Amino acid sequence: MPEMTYREAVRDALWQAMRRDPDVFIMGEDIAEMGGSMGVTQGMLAEFGPERVRNTPISEAAIVGTGMGAAIMGMRPVVEVMYEDFLTLAMEQLVNQAAKHRYMSGGQVKVPLTVRTQGGAGWSPGAQHAQQLEAWFVHVPGLKVVLASTPSDARGLLFSAIYDDNPVIFFEHRSLYPIREEVASELEPVPLGQARVHRQGQDVTVIATGRLVHEALKAAEQAEREGISVEVVDPRTLQPLDEETLLASVRKTSRCVVAHEAVTRMGFGAEVAALVQEKAFDWLDAPIERVGALFTPIPFAPVMERFVVPFAEDVLAAVRRTVARSA
Amino acid sequence: MARVEPRSRRGLSLEELRDFYREMLLIRRFEEKVEELFRAGELPGFLHVSIGQEAVAVGVCKAMAEGDVFASTHRAHAHTLARGSPPHAVMAELYGKVEGVSRGYGGSMHLYDVARGNLGANAVVGGGLPLIAGAALAFKLRSEPRVAVAFFGDGATNIGTFHETLNLAQLWRLPAVFVCENNRYAESTPAHQELPIEDLTKRAVAYGMRSTSVYGQDVEAVYVAARRALDYARSGKGPVFLVCETYRLAGHYVGDPQVYRPKGEVQELRQSQDPLSKTRPKLHLSEQELSAMEEEVRGIVEASVEFARAATEHRPEDALENVYA
Amino acid sequence: MATAVKLPRLGQGMESGTVVRWLKQEGERVERGEPLFEVDTEKATQEVEAEAAGVLLKIVVREGEVPVGTVLAYIGEPGEAVPEPEAPSGDGRREEAVPSERVSPGGAVAAPAERAPGERVKASPLARRLARERGIDLSLLTGTGPEGRIVAEDVERAARALEVAPAPAPPPTEVERVPLTSVRRTIARRLTEAWQVPVFQLETAADMGRVLALIERRRQLEPGLHLTVTDVLVKACAVALCRHPEVNVQLAEDALLRFPSAHIGIAVATERGLVVPVVRAAERLTLAEIASVRGDLVERARAGKLRREELEGGTFSLSNLGMYGVDRFTAVLNPPQAAILAVGRIEERPVVRGGEVVARPMMTLTATFDHRAIDGAPAARFLETVREVLEEPGLAL
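Those protein sequence lines, which keep their order, are chains L, U and G. Using my numbering, read the first sequence as starting at 6 and increasing by one per residue. Using my numbering, read the second sequence as starting at 129 and increasing by one per residue. Using my numbering, read the third sequence as starting at 2 and increasing by one per residue.
These are calculated hints, taken from the structure and not from any lab test. Note that the structure is predicted; figures quoted are calculated from it, not measured. Heads up, some of the hints might be wrong.
[What the hints assert, rightly or not] Cut-off 20 Å, straight-line C-alpha distance, at most; resulting in silico cross-link-like pairs (SDA-like, lysine to any residue): (1) L:Lys223 - L:Ile184; (2) L:Lys115 - U:Ala447; (3) U:Lys406 - U:Gly139; (4) U:Lys365 - L:Pro55; (5) L:Lys257 - G:Arg133; (6) U:Lys365 - U:Gly336; (7) L:Lys115 - U:Tyr452; (8) L:Lys115 - U:Gly195; (9) L:Lys284 - G:Arg129; (10) G:Lys25 - G:Glu81; (11) U:Lys268 - L:Asn60; (12) U:Lys268 - L:Asp28; (13) G:Lys25 - G:Glu64; (14) G:Lys306 - G:Ile188; (15) U:Lys268 - L:Pro55; (16) U:Lys161 - U:Pro172; (17) L:Lys284 - G:Arg133; (18) L:Lys257 - L:Trp288; (19) L:Lys115 - U:Leu269; (20) L:Lys257 - G:Glu154; (21) G:Lys123 - G:Glu157; (22) L:Lys115 - U:Leu448; (23) L:Lys115 - U:Val242; (24) U:Lys268 - L:Pro27; (25) U:Lys268 - L:Phe53; (26) L:Lys257 - G:Pro126; (27) U:Lys268 - L:Pro62; (28) U:Lys268 - L:Arg57; (29) U:Lys410 - U:Gln399; (30) G:Lys59 - G:Val49; (31) U:Lys391 - U:His380; (32) U:Lys190 - U:Arg408; (33) U:Lys161 - U:Ser419; (34) U:Lys190 - U:Pro273; (35) L:Lys257 - G:Arg130; (36) L:Lys115 - U:Arg270; (37) G:Lys123 - G:Arg150; (38) U:Lys190 - U:Arg146.
Using the sequences provided together with the hints, build the complete structure.
This is the structure in C-alpha cells:
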C-alpha cells in the first residue's frame, strides 16, 4: 500500500473528485499559483485550469457565500478558508445562510458545500492564527463538522464531505500536514459519522480529535508501560457524531478522557462528557476528565504556547487521574 | 452613470402594462390584507410590506427570463408574488402551513420558491448577495445563459458582503444583476444618517461595474432598465448594479409607528409617489373595468386567506425535518 | 481519641435497628467483645459487643430506632472529650465533624466504612450499579478511589468476599416497612407472602407408639437429655426430605432451587411473636444433637437472643401445637420455603389392627406444599415416608 502525507492525502481527495466530476471546483485565497498557504493545492491549477482552481480576493464572507450559492445551484464547490481563525469573517454566511437554507426553504434546496480550513498551535503564530474553533460549528444545526487526524482519514473524509449534500466544515491541523500513513491504493471514502478506534484498551477510553489523537496515542504507550490499558477513539466527524462507538468504548473501560487542542471550556469535549454521563452513567467508575487548551488566547512566546495547549503528558496525567494514580 | 431612466422608447404594449398593473394591485391588496390580519393577531412572527415599492418588484421580476434566479430580502412578498408564486401558497406560508411556499419552515422573511427561481428571502441585510454571486458563478462555469438577481435595500450597501460580493462579481464577470431598492430608509434611519453619498450608483462604479439608476415608481421604466441589465449580464459582459429610486409608503414593519419620519411625509408621498396611481391613467380602462379588476384581485386575496386558514397545520415534530439533506 | 459506637448492620437488608437497652452505663469500664447494648432488628433482639475497650463516655442514643451506622455512643479514656452530635441539617459543620470520627482504620472489605450517619456514600456510578445488581450495601464498603470514592473494584472485591463466606442459603427478600415491632412485622410480611402462594394440603396420621417408647428409653439412658417428640419429627422430616429431594426445594425467580441438605425450621412461640430458628443439616445430626441444638435455639428464641443467621436459610418448617392440645391444624407456608408440616397432639384413638379395633397413640400430620414447586404425588410419597419413619423409627433412624 502506498504511503501519503496528510497534505498529499487532502490533495488527492480534491484531485480525484475534480477529475471525475466537472461540478467540483475549488476556490480560496492563494490556492492557484501558490498552491495554498499550506501547499495543499499545489499543481492543481496546472491540472484543472483557472476556472476550476480559482484564486479569490481576501473576502471570506464572499468566498463562503459564493461557494454556497454555486452549491445551491447543484455544484460541489470546495472553498478554502486559509486559517480557521478567519472563519469568523464568514460566520454569518456559514451560520445564517449555509446552515439554514435547506431548513428555511422547507427542504427545497441542498447545500453541498465543503469549507476546508486549517489551524492549530505549535509554531508560534500568535493569537489570531492558532485557534481551534470547531466547537462553534457543532453548535449549529445544519452544518456538518469533520476533524481529520490522519492521512487516510483526511483523504476518505474529504471525499465524503464533497459528496455530502450538506455544508461540511472540514478542519485540517497545520502540524499534521507532514505526517505519513499507509493509504489504500484506491481512494476509500470514509463515511461521515463513523469513529475510528486507533487502539484497543481495557482501562480508560481517550476520545481525542485532531492533533490530540496522536498525543493520546503517545500517552497510551506510556500508560501501557505503567500497566494502564488505554483505548484511543477518534470520532473524526463531530457532527454527525458516532455516539455508539464512543459509548461502547466507555462502557467497556468505565473511564473516559476527552482530549482536544481547543480551549477546554465549552469545547467539544464538554459535549462528549455530557453525552457519556447521559448515556453511560451507570458504567462510569471515575469522573470524566477533560484535556484541552487553557482559557487564554494562544500566546506567542514558544514557552507560553507550549504551556497553554495540551500534549501527550497532559493526556497521560488525565488517564492516571481516572485510574486514581499519581505520576 | 447616475440618471433617472426616461420612459422607454420601446415601451410596453397596453396588454403588458395592464398585466403589470394588475400584478401591482394584487401585491398591494395582498399586503393590505396581511397588515389587517397581522393587526388582528392572526399572523405570527413579524412582517414587512413593500407598499410603495410594487413597481420595482413587478418591473424587475417581469423582466427576468425562465431559469433566472433571485434572492429577496425581509421585504419579500412583492418579489415572490411578482415572480409568479401563487398568492394562496404565499399566504399559507405566512400562516406557517404545510402548503406554504416554504412549507411553513420560512415565514414572511424566508419565502422560497425554487421552481420559480426564488432562492430565498433573506432576513439578514446583505446576507443574500454572496449566494447570488455563487449562483451566477455556477451559470458561468456551466455556460448556462442564466442570470442571478439580488434584491436589497440602500441599507445593505453599507455592509461587508455587499462590497465583497460586488468586487468578486465584477472581478469574475459574473452574470448577476444587483437591484438596490433605494427607499431612503434603512429600517428607521434616513439616508442622510447612513449614506455619505446621495448617488448610490457610485458604490458600484468603484468596482468598475456597470451601474445605472431608474425611477422606481414607474413600472415600465423599471421593466426596461431591468431588461437591459439582464441582457447585459446574460451576454457575459459582467454584472450590473441597478438602483431603483423608490419610496416606502408604509413603516419598516407592520405596526411601525414611524416616529422617525416627518409628519405628513407618508401622506404626501402616497399622493405623489404611488406607483398604482401613476400607472392607472396609462391603462385606458373605464371605472367599471378598473372596479372589475379590483374585485377580481380582492377575490384572489380573500381566497388565499380562506385557503391558508384551512391549510394543513404542521405536527410539532415536523420541526425535526429538513435540517440535513 | 474517642471511638464511636455505631449501630452495626447485623444482616443483609438491615437498614435500621431499635436500641432496646444498654448493658453498660456511662462511665462504666467496657472490654472489647463485652456485650454493650441490645438491639431489636426485624428478626430478633440481640446483643452487640463492644469493638473497643475503654470507658463508655457517652450514650448518644439511649433507645429507639435509628439507621445503620448511626453513632450510638463513644468509648474512650476517662475524661476524654466526645464530639458534639451533628447538626441534622448538615451545614458546614459536617465537614469538620467527619474527620474526628475517622478513628478506626478502614481497609478491611467488610468493615463498616467510617461515615457519619446520613452522610452520602461517595461511589462511582458503576460501583453503584454493580452494588445494586449484586445486593451489596455500599455503606459497608471503604472506597479506595480518589477522595475515598467507592469504585467498581471495591464492590467486586466485596462480592468475591461474600461468595467465599459461608453464605446462608437463600437471601431474604426485601421488607416493606410498616409501623409494627420488628418481629411482628416479619411475621406479617411472610404470612402475607405465603398467602399468595397456591398451596395444597395432605394429611395422614402416624402411630406414635414406637416414638414414645424410643423417647422414654433414651431418657432413661441419658437423664440429662431433653429429647422431645419435636426432635424426632425434625429427624423424620430430614430423612424424608433427603429421600425425596423433589420436596426439599424452593421456587426462585427463574429457577427451582433443590437443596442438598435439610435445614429444618422449628416454629417457636415467644412473647414477641412467632420465630422460626433453623436446625441446620438435620439429616446429619443424631437425635441427641438435634435435641441439644433445638433446646438452645428455643431457649434463646424465647429470650429474643437469636442471631440473625440462625433464623435464615431453612428449607422446610415444622410447627408442633400438640402441647396445646390441638388435634390437627394446617400451617401457612414460611416463604421462601415450599413445605411445612403441622402436627397436632398425640392421643389414644381407636384404630383397626389385624381386624380388631385397638387404641393407639395417634398423631395427625398435616403438610402444606407450594404447588408451584411441588407436585401432589412426590408430596404424598414424602408424607408417607415421614409416617413410616415415625412408625418404624428403629428402621429409619
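Status of the hints after comparison with the structure:
{"no.": "1", "hint": "L:Lys223 - L:Ile184", "verdict": "holds (15 Å)"}
{"no.": "2", "hint": "L:Lys115 - U:Ala447", "verdict": "holds (17 Å)"}
{"no.": "3", "hint": "U:Lys406 - U:Gly139", "verdict": "holds (15 Å)"}
{"no.": "4", "hint": "U:Lys365 - L:Pro55", "verdict": "holds (18 Å)"}
{"no.": "5", "hint": "L:Lys257 - G:Arg133", "verdict": "holds (19 Å)"}
{"no.": "6", "hint": "U:Lys365 - U:Gly336", "verdict": "holds (12 Å)"}
{"no.": "7", "hint": "L:Lys115 - U:Tyr452", "verdict": "holds (8 Å)"}
{"no.": "8", "hint": "L:Lys115 - U:Gly195", "verdict": "holds (18 Å)"}
{"no.": "9", "hint": "L:Lys284 - G:Arg129", "verdict": "holds (16 Å)"}
{"no.": "10", "hint": "G:Lys25 - G:Glu81", "verdict": "holds (18 Å)"}
{"no.": "11", "hint": "U:Lys268 - L:Asn60", "verdict": "holds (16 Å)"}
{"no.": "12", "hint": "U:Lys268 - L:Asp28", "verdict": "holds (12 Å)"}
{"no.": "13", "hint": "G:Lys25 - G:Glu64", "verdict": "holds (13 Å)"}
{"no.": "14", "hint": "G:Lys306 - G:Ile188", "verdict": "holds (17 Å)"}
{"no.": "15", "hint": "U:Lys268 - L:Pro55", "verdict": "holds (13 Å)"}
{"no.": "16", "hint": "U:Lys161 - U:Pro172", "verdict": "holds (14 Å)"}
{"no.": "17", "hint": "L:Lys284 - G:Arg133", "verdict": "holds (18 Å)"}
{"no.": "18", "hint": "L:Lys257 - L:Trp288", "verdict": "holds (8 Å)"}
{"no.": "19", "hint": "L:Lys115 - U:Leu269", "verdict": "holds (19 Å)"}
{"no.": "20", "hint": "L:Lys257 - G:Glu154", "verdict": "holds (14 Å)"}
{"no.": "21", "hint": "G:Lys123 - G:Glu157", "verdict": "holds (16 Å)"}
{"no.": "22", "hint": "L:Lys115 - U:Leu448", "verdict": "holds (16 Å)"}
{"no.": "23", "hint": "L:Lys115 - U:Val242", "verdict": "holds (11 Å)"}
{"no.": "24", "hint": "U:Lys268 - L:Pro27", "verdict": "holds (13 Å)"}
{"no.": "25", "hint": "U:Lys268 - L:Phe53", "verdict": "holds (16 Å)"}
{"no.": "26", "hint": "L:Lys257 - G:Pro126", "verdict": "holds (14 Å)"}
{"no.": "27", "hint": "U:Lys268 - L:Pro62", "verdict": "holds (18 Å)"}
{"no.": "28", "hint": "U:Lys268 - L:Arg57", "verdict": "holds (11 Å)"}
{"no.": "29", "hint": "U:Lys410 - U:Gln399", "verdict": "holds (17 Å)"}
{"no.": "30", "hint": "G:Lys59 - G:Val49", "verdict": "holds (17 Å)"}
{"no.": "31", "hint": "U:Lys391 - U:His380", "verdict": "holds (16 Å)"}
{"no.": "32", "hint": "U:Lys190 - U:Arg408", "verdict": "holds (18 Å)"}
{"no.": "33", "hint": "U:Lys161 - U:Ser419", "verdict": "holds (18 Å)"}
{"no.": "34", "hint": "U:Lys190 - U:Pro273", "verdict": "holds (17 Å)"}
{"no.": "35", "hint": "L:Lys257 - G:Arg130", "verdict": "holds (14 Å)"}
{"no.": "36", "hint": "L:Lys115 - U:Arg270", "verdict": "holds (18 Å)"}
{"no.": "37", "hint": "G:Lys123 - G:Arg150", "verdict": "holds (5 Å)"}
{"no.": "38", "hint": "U:Lys190 - U:Arg146", "verdict": "holds (13 Å)"}
Violated hints for the displayed structure: none, as all numbered hints are satisfied.
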